[in-house]
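Novice: All chains should be modelled from the sequences, with the hints used to inform the complete structure.
Number of protein chains: 2
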Amino acid sequence: MANGDSKLLGAQLGVLTSNGTASIAKAEFSDIVPIRSIIVRPDDDWSALAGQQVRVGGWVKTARKGSKGSRFLQLNDGSCLGNLQVFVEADKVDLGQLARTGVCVVVGGVLKLPPGDKEQKVELKVEKMVHVGPVDPADYPLPKTSLPLEFVRNFVHLRPRTCTISAVIRIRSALAHATHIFFLERGFLNVQTPIMNCSDCEGAGEMFQVTTLFSEGEKLEKDLLKNPPPSEADVEAAKFIVKEKGDVVALLKSSKASKMDIGDAVAELKRAKENLWKLEERSKIQPGIPHKEGKIDYTRDFFGRPTFLTVSGQLQLEAYACSLSKAYSFGPTFRAEKSHTTRHLAEFWMVEPEMAFAELEDDMNCAEAYVKFMCEWLLEKCHEDMEFFAERYDKSCIDRLRMVASTPFERITYTEAVDLLIEVVKNGKEFENHVEWGIDLSSEHERYLTEVKFQKPVIVYNYPKDIKAFYMRLNDDSETVAAMDVLVPKVGELIGAPEQVHLILQSILILERGLPVDLYQWYLDLRRFGTVKHSGFGLGFERMVMFATGLDNIKDCIPNPRIEGRAD
Amino acid sequence: MANGDSKLLGAQLGVLTSNGTASIAKAEFSDIVPIRSIIVRPDDDWSALAGQQVRVGGWVKTARKGSKGSRFLQLNDGSCLGNLQVFVEADKVDLGQLARTGVCVVVGGVLKLPPGDKEQKVELKVEKMVHVGPVDPADYPLPKTSLPLEFVRNFVHLRPRTCTISAVIRIRSALAHATHIFFLERGFLNVQTPIMNCSDCEGAGEMFQVTTLFSEGEKLEKDLLKNPPPSEADVEAAKFIVKEKGDVVALLKSSKASKMDIGDAVAELKRAKENLWKLEERSKIQPGIPHKEGKIDYTRDFFGRPTFLTVSGQLQLEAYACSLSKAYSFGPTFRAEKSHTTRHLAEFWMVEPEMAFAELEDDMNCAEAYVKFMCEWLLEKCHEDMEFFAERYDKSCIDRLRMVASTPFERITYTEAVDLLIEVVKNGKEFENHVEWGIDLSSEHERYLTEVKFQKPVIVYNYPKDIKAFYMRLNDDSETVAAMDVLVPKVGELIGAPEQVHLILQSILILERGLPVDLYQWYLDLRRFGTVKHSGFGLGFERMVMFATGLDNIKDCIPNPRIEGRAD
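Chains L and B, in that order, give the protein sequences. Each residue of the first sequence is one higher than the one before, counting from 3 in the numbering used here. Each residue of the second sequence is one higher than the one before, counting from 3 in the numbering used here.
The hints are simulated quantities; they were obtained by calculation from the structure and are not laboratory data. Among these hints, one or two may not hold up.
Copies of the same chain are indistinguishable here, so a pair counts whether it falls within one copy or spans any two.
What the hints assert, rightly or not - Computed cross-link-like contacts, DSBU-like style, restricted to lysine-lysine with a CA-CA straight-line distance of at most 35 Å: (1) 340 to 221; (2) 130 to 67; (3) 228 to 374; (4) 224 to 241; (5) 383 to 130; (6) 28 to 467; (7) 28 to 458; (8) 221 to 467; (9) 63 to 221; (10) 294 to 340; (11) 224 to 467; (12) 340 to 297; (13) 228 to 130; (14) 383 to 28; (15) 458 to 286; (16) 127 to 467; (17) 374 to 492; (18) 340 to 224; (19) 130 to 467; (20) 280 to 340; (21) 221 to 258; (22) 28 to 374; (23) 340 to 114; (24) 221 to 297; (25) 224 to 245; (26) 221 to 294; (27) 428 to 397; (28) 286 to 340; (29) 224 to 294; (30) 280 to 294.
Keep in mind that this is a model prediction, so the values were computed, not measured.
Specialist: Given below as structure tokens:
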């Protein structure tokens, strides 16, 4: 039986709820027990665990000395925020080496309820040391003190051992889970849109190019060093041989030689010509990037033309929505922007649903339901990690999730939003960016609307056509397009969304913006053949993590942040 | 309540099972009803649907004439393989235009049980035409006849409207769903590993390079056309001014002028020098790709060094496993291989789990359980699509899923596998590739083992160290490494998997293979600091789709195939 939702809950809660007893869920495919299944107990009752034999593994967070040279280790295995207290007697192992932050230990022992200890509900008394992965504290870059996030960012491979980043990864994983469940439950198909593309969704913007020209050039250079190209003299010599062989053929023909003799001579001439052609071709080879008529010769690149990393899977998703009704993608997208802000990454993940038979209002309903679903999911499944973020980073983050989960989103048009901002400017509010109809709302405007004015998520819709992409449907006013953005407290724009336009307008818009029509012909086909209203949106996944955790820097919201100068 | 598994089942079965009546599940966020929820009924009873008013949308597959000029349309919306028969009377609309393959229609009407019609369990009698998205049959490339897959591959944006590709997309979506459920239920965290990297997992292989040097070069070229660089005369003139200003300062100083006058003159000299410096810098600018000492100057590239698309997220996943115990990724990977086979893509998706505290045997157990889980999932959730593939492409595909789901996988060492192959060669079996200890098993060997010899999945483990990557653990025999591959009928290698090695050996291996140690220092850190045994594997997602569907060409198993010369 493939479906195992009770098992799913069991794994999340750390107990097998099916039989009602406080048994401990062993990790599958391993002989250890996740620490979560010992210390996270929804019934707050650890008494049934006393006396049970378990084996656990994890990394030492802190250690303190006990009596008779024994040690209490705080062991974390990432399955949850909390640590299991592990008690090791002096005779077990070199305790000095063991009691260092970052040491990996696998131990077997018996669970006990420490009397009178309010902090520790349950601890493990070690009977067997199975494995110690030591650490030289002189080298280990993450000592036990609390470290600034900017500092741990330099140790991106070790930072998941910190409380903050491990909690971020658990929140990300939960949000990814919620995303798949939300869309799959609602009949969306999960479609993996392509990463490398010859056409560009936005028709502009900073894109990363994908190429094999550099490596081909290097290979060629090495090859030319090993087998140097023919010299001019080589080519001249080959030409001379062609002439000679030609003369022989002419002579034989004029002297009416036998067919066989002429045939042999012609064959020799042909070989000489082939040899010359090869030499000439090889002598033309230039090391480095191939050029043709002063431009880079992309016909020699892997895909035969300039190819870029995707900035959005939306156009391809539309093809799927216009066949399969509902599709969504969850994948990486790329922008080669050199902005060093706390809100931009060169590589980030996007969730993009697309629905046929749906208009902008359906789209708003879907976006609102999806954001609420994620908030509810975190409140329900990630209580402990959310408490941690509330305590350490943003005391309002849990209340924010509750508010967003339970409050209907405000919905206002772009025109209403601008009018409202102009009004508050009149009343003395100062913005860095000037407000007038036609501007792209900046982050400060968005955050004012959602954080100050409405104090809840705000959907702004019907944007001026000139500030949005070519593929959006023009409204009857001819000035605005059926697009919407979802603004939320803490991050501003969380979701951006167009409703798709119809064919004729589409072609005009592509031409107006000077985009290469041939590259977009496939896209126009979707409008020519069996077209229908469809709409969708894009949610920046790392923005959602920022929103949930209250972290200020998006670089702490993704496993391996990529920004200008950093891809290590 | 975020968890909604009963809703999930409901959506999949097309009925709301909670109340037990045969109500129809409306699409959320839209006023239409998915066709699946009308025609797919596990109880085979459509009688309760008669008389219900619904609105549906979809694309016409075929049409036939009824009495009095009416039409019967076969409508498909991608929610399932089957079509809904839609009956339109002559007065409703231009029926000639409507009854063409590819036309999109949205219609409202009443469900009826056609008497005596065995093919159609239920049909829709149209009362209202809501929308028609026409098709010009002269242009539409996918007529109603059955089309070869090679042909529809040229219309990658329209091919999800074919039965085969829409079924592939549903199978893919189900497999992705199964993957997330399998790992999340078992306590793995979903980690999105980076796509752009300065270091390369395998240390070799054809990789795509990511760059902004071409676009920067183009921008510069345009800029230089608009603002030409300074001429030599400009620079000379600026030098002359610097000299003049210098002379003035010298004169003032020697004539003991006032401090203020000297100060002014010095300031002027400084400005002149700055101007000269700017001119000199600008005159040095060269259009095109920046070079330094004859080589491409990657310090000017976006990440400051050569950067490549990932070939595997495994090394980064290890960092997460060595912090959080269990992690998995599901993302795109890239190989710039120019092989035009039916089994290779330049862009494909990989599922990669990684577990700390786990050895090769745990890894085998996990891989076997995962593959079985996916097979069970498809048998349970994708019955209709699997029947389609069995009928059209591979009559054994359902039996194969059943066999894999229920049969323990054979487990043999590489040495045993080679002995066995040598034995069958002795008995007259011919392979294209020679068999001896030390070879990398080729596809024909793998398929012989799993399809002919054992007729079930085979796990081959303990491979010769020289044919595997640097990061694998050496066995006690010093000849083989703790690695395993899972071979399945139809595709051969489905899963490849190493068990990770310890620090010291690791460094030696990196050095032995001539890899740049500084780029791998972070990776070695994982072995230096709190190391532990860990293992994982990689499953090629498109291979799994081939295995499940029985399709012969991997290009039909992914939404947008990328191969040499094709990224459109």
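Novice: Hint by hint, say whether it matches the structure.
Specialist: Checked hints:
1. Taking identical chains as interchangeable, the C-alpha atoms of residue 340 and residue 221 lie at most 35 Å apart whether they share a chain (31 Å) or sit on different chains (15 Å).
2. For the homomeric pair residue 130 and residue 67, the shortest alpha-carbon distance inside one copy (19 Å) is at most 35 Å, but the shortest distance between copies (80 Å) is not.
3. In the homo-oligomer, the alpha carbons of residue 228 and residue 374 never lie at most 35 Å apart, since the shortest distance is 64 Å inside one protomer and 51 Å across protomers.
4. Proximity of residue 224 and residue 241 under a CA criterion of 35 Å is satisfied intra-copy only: 28 Å inside one chain copy versus 43 Å between copies.
5. Proximity of residue 383 to residue 130 under the C-alpha cut-off of 35 Å is restricted to the intra-copy arrangement: shortest distance 34 Å within a copy versus 46 Å between copies.
6. Taking the shortest alpha-carbon separations for residue 28 and residue 467, only the inter-copy value of 33 Å comes in at or below 35 Å, while the best intra-copy value is 57 Å.
7. Taking the shortest alpha-carbon separations for residue 28 and residue 458, only the inter-copy value of 29 Å comes in at or below 35 Å, while the best intra-copy value is 42 Å.
8. Taking the shortest alpha-carbon separations for residue 221 and residue 467, only the inter-copy value of 27 Å comes in at or below 35 Å, while the best intra-copy value is 48 Å.
9. Neither within a single protomer nor between protomers do residue 63 and residue 221 lie at most 35 Å apart by alpha-carbon distance, with minima of 49 Å and 51 Å respectively.
10. Taking the shortest alpha-carbon separations for residue 294 and residue 340, both the intra-copy value of 31 Å and the inter-copy value of 23 Å come in at or below 35 Å.
11. For a Cα distance limit of 35 Å, the shortest separation of residue 224 from residue 467 across copies, 29 Å, qualifies, whereas the shortest one inside one copy, 53 Å, does not.
12. Taking the closest pair of Cα atoms, residue 340 and residue 297 come within 35 Å of each other both inside a single copy (26 Å) and across two copies (24 Å).
13. When the C-alpha separation of residue 228 and residue 130 is checked against a cutoff of 35 Å, the pair qualifies neither within a copy, at 60 Å, nor between copies, at 75 Å.
14. With identical chains, the CA atoms of residue 383 and residue 28 are at most 35 Å apart both within one copy (20 Å) and between copies (28 Å).
15. Taking the closest pair of Cα atoms, residue 458 and residue 286 never come within 35 Å of each other, the shortest separation being 66 Å inside a single copy and 54 Å across copies.
16. Proximity of residue 127 and residue 467 under a CA criterion of 35 Å is satisfied in neither setting, with 68 Å inside one chain copy and 40 Å between copies.
17. With identical chains, the CA atoms of residue 374 and residue 492 are at most 35 Å apart within one copy only, with a shortest distance of 16 Å there and 44 Å across copies.
18. Taking the shortest Cα distances, residue 340 and residue 224 sit within 35 Å of each other both inside one copy (34 Å) and across copies (20 Å).
19. Taking the shortest Cα distances, residue 130 and residue 467 sit within 35 Å of each other only across copies (33 Å), while inside one copy they are farther apart (69 Å).
20. In this assembly of identical chains, the alpha carbons of residue 280 and residue 340 lie at most 35 Å apart only when taken from different copies (23 Å versus 46 Å within one copy).
21. Taking CA atoms no more than 35 Å apart as the test, residue 221 paired with residue 258 passes in neither setting, with 51 Å inside one copy and 66 Å between copies.
22. In this homomeric assembly, residue 28 and residue 374 come within 35 Å of each other (Cα to Cα) both inside a single copy, at 33 Å, and across copies, at 20 Å.
23. For a Cα distance limit of 35 Å, the shortest separation of residue 340 from residue 114 qualifies neither inside one copy, at 55 Å, nor across copies, at 61 Å.
24. Taking identical chains as interchangeable, the C-alpha atoms of residue 221 and residue 297 lie at most 35 Å apart whether they share a chain (21 Å) or sit on different chains (13 Å).
25. In this homomeric assembly, residue 224 and residue 245 come within 35 Å of each other (Cα to Cα) only inside a single copy, at 34 Å, whereas the closest approach across copies is 48 Å.
26. Taking the closest pair of Cα atoms, residue 221 and residue 294 come within 35 Å of each other both inside a single copy (19 Å) and across two copies (19 Å).
27. Taking identical chains as interchangeable, the C-alpha atoms of residue 428 and residue 397 lie at most 35 Å apart only when both belong to the same chain, with a minimum of 33 Å there against 74 Å between chains.
28. Taking identical chains as interchangeable, the C-alpha atoms of residue 286 and residue 340 lie at most 35 Å apart only when they sit on different chains, with a minimum of 24 Å there against 39 Å within one chain.
29. With identical chains, the CA atoms of residue 224 and residue 294 are at most 35 Å apart both within one copy (22 Å) and between copies (18 Å).
30. When the C-alpha separation of residue 280 and residue 294 is checked against a cutoff of 35 Å, the pair qualifies both within a copy, at 19 Å, and between copies, at 33 Å.
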